[in-house]
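K.L.:
Given next are the chains, with one letter for each unit.
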Amino acid sequence: MAKYLLLKHYRGAPAAVNDVPMEKWTPEEISAHMQYMNDFAARLEQTGEFVDSQALAPGGTFVRYDGEGRPPVTDGPFAETKDLIAGWMVIDVDSYQRALDLAGELSAAPGAAGRPIHEWLELRPFLGCHSTVTE
Amino acid sequence: MDEALIRSLTPSVLTVLGRRGADFAAAEDAVQDALVQAARLWPADPPRDAKGWLVTVAWHKFLDATRSDAARRRREDLLDEQPAPGPASAVDDTLQLYFLCAHPSLTPASAVALTLRAVGGLTTRQIAQAYLVPEATMAQRISRAKRTVSDVRFDRPGDVATVLRVLYLVFNEGYGGDVDLAAEAIRLTRQLAAAVDHPEAAGLLALMLLHHARRPARTAPDGSLVPLAEQDRGRWDTGMIAEGVGILQAALARDRLGEFQAQAAIAALHADAPTAEETDWVQIVEWYDELTRLTDSPVVRLNRAVAVGQADGPRAGLAALAQLDDSLPRHTAVAAYLHERDGDLATAARLYAEAAHKAPDLAERDHLTRQAARLNNHRRR
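Chains as they are written, first to last, in the numbering used here: chain A, 143 to 277; chain B, 4 to 384.
Honestly, I wouldn't trust all of these hints.
Said to hold, decoys possible - In silico lysine-lysine, DSSO-like type, Cα no more than 30 Å apart, as pairs:
1. B/K361 with A/K145
2. A/K150 with B/K361
3. A/K224 with A/K166
What the hints assert, rightly or not - For the chain A half of the interface with chain B, some residues (derived, Cβ under 7 Å), not all of them:
4. M143
5. L147
6. E187
7. Q188
8. G190
9. V193
10. D234
11. D236
12. Y238
13. F268
14. L269
15. G270
16. H272
17. T274
To be clear, the hints were calculated from the coordinates, so they are not data collected in a lab.
Just so you know, these numbers come straight off a predicted model, no measurement behind them.
A virtual CB, placed ideally from N, CA and C, is assigned to each residue, including glycine.
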């Protein structure tokens, strides 16, 4: 088993095929999209492959240490940041192929006109546990 | 009362329920409930007959659970039957349980989870923690696995090799959480090796013991990896090594070699060396040749290249490595090591850094990064 992160980008990924921003969909199309996402997660729970799913607010702040006794320095949010993460899903699957298949399925979530978005999702493997027998 | 002792009764209790007519999935749930109750009650009030207690409680749990409308008819049928002992011995039943939980129709992850629960007696929560997934996900994985094997009937024994692969996975992979998965794998393999007359079961048990014996020396206090050559051999568990070697020798004497025996033989040669320098690399290469004949796995060939590098010098190791596909996991790390031994520190440092980027886990990545940093600093001085 291996864990993978399916990363959804607000910005930074190549353009989707059905690339219409959500605010231009109909309310029914938005509902259908949400339903698809929920059904997908629920099905992964049933198959015992679901680990986690979270969405992120778009506005982030950069923070860094500024020396002993001083408050941390903050900066941003940077409107021009090229890459912006919208959210993620973590899955635990038997093979890389299975992870690819699931990512493909998630990317088919319906968007404008009820057609699949064909959204680009980033698939990243987790660093696993260290196996005992290596030499 | 020792938790492992309670759990060691799991398979026999489960098979008693099975013989009384309970189907596997429901019986397994009932035994799990009984184990949870035992863990709560026994510390204050240990029963005289632990197994009898578990059978009684699990049977009642099973009857309670089947008291739903859908199952009423079935329950009444069962109550009419006298719970009679089956024809098979308890040992055979335990074996069948191993076969069922490692059935080829299951994915490796499902087989691991089901084995840990139905044979190992671990709770779903413990298994979920060991593999870092939510408890609900693990519960689904286990119930799906139970559905998958619900129609399996045994008219002939299963394949021991599939069981061994599952136990090997338990030993080798997983984070642990509350549970010491390696110790659990050893317990289950020991139980299997006692129930089945199979040199590879003994070979796997020996392999596990020989690796487990080195565990205290394998990580530094800060959690970083300590390579075999740099381990403090005084911290190896000599009793466990002796046990592993004894089991291996008895298995090898049967003259039915298999991959686990060959791997255990290599581990035994490492364990046998008083210092890293005294390792018998020539014999290790011979065992890798044997292993290549048995499995023809690219990973074995890669390990063989390391051994050749030790036995015949780094150039020979690099020549063996050149025959292999460089996209193999750890290929770059092995190349880095052999170049370092060959004195080409610049290439070695570059390859260690490259290998760190490709490392499959954090401990290994940190280790390889340190190797690159060590060589880069050395070269600057």
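K.L.:
Could you check if A/D234 really has its C-beta closer than 7 Å to a C-beta on chain B?
P.N.:
It holds, given that the least Cβ distance between A/D234 and chain B is near 5 Å, below 7 Å.
K.L.:
Less than 7 Å between beta-carbons is the criterion; does A/T274 satisfy it with respect to chain B?
P.N.:
Holds, about 5 Å.
K.L.:
Does B/K361 lie within 30 Å of A/K150 when you go C-alpha to C-alpha?
P.N.:
holds (23 Å)
K.L.:
Restraint: A/G190 near chain B, CB-CB cut 7 Å. Satisfied or not?
P.N.:
holds (3 Å)
K.L.:
Quick one, is the A/D236 hint okay against chain B at 7 Å, beta carbons?
P.N.:
holds (5 Å)
K.L.:
With a cut-off of 7 Å on the beta carbons, see whether A/M143 makes it to chain B.
P.N.:
holds (4 Å)
K.L.:
Measuring from the C-beta of A/Q188 to each C-beta in chain B, is the shortest one below 7 Å?
P.N.:
holds (6 Å)
K.L.:
With a cut-off of 7 Å, does the beta carbon of A/E187 approach a beta carbon of chain B closely enough for the hint to hold?
P.N.:
Since the shortest Cβ distance to chain B is 6 Å, the answer is holds.
K.L.:
May I ask you to test the interface hint for A/L269 with respect to chain B, counting a Cβ-Cβ separation under 7 Å as satisfied?
P.N.:
holds (5 Å)
K.L.:
Straight-line Cα separation of B/K361 and A/K145 no greater than 30 Å?
P.N.:
holds (16 Å)
K.L.:
Given the hinted pair A/K224 and A/K166, is their alpha-carbon gap at most 30 Å?
P.N.:
holds (23 Å)
K.L.:
Hint check: is the beta carbon of A/V193 less than 7 Å from a beta carbon of chain B?
P.N.:
Holds, because the Cβ-Cβ distance from A/V193 to chain B comes to roughly 5 Å (cut-off 7 Å).
Comparing the model with each numbered hint stated earlier shows that hints 5, 12, 13 do not hold.
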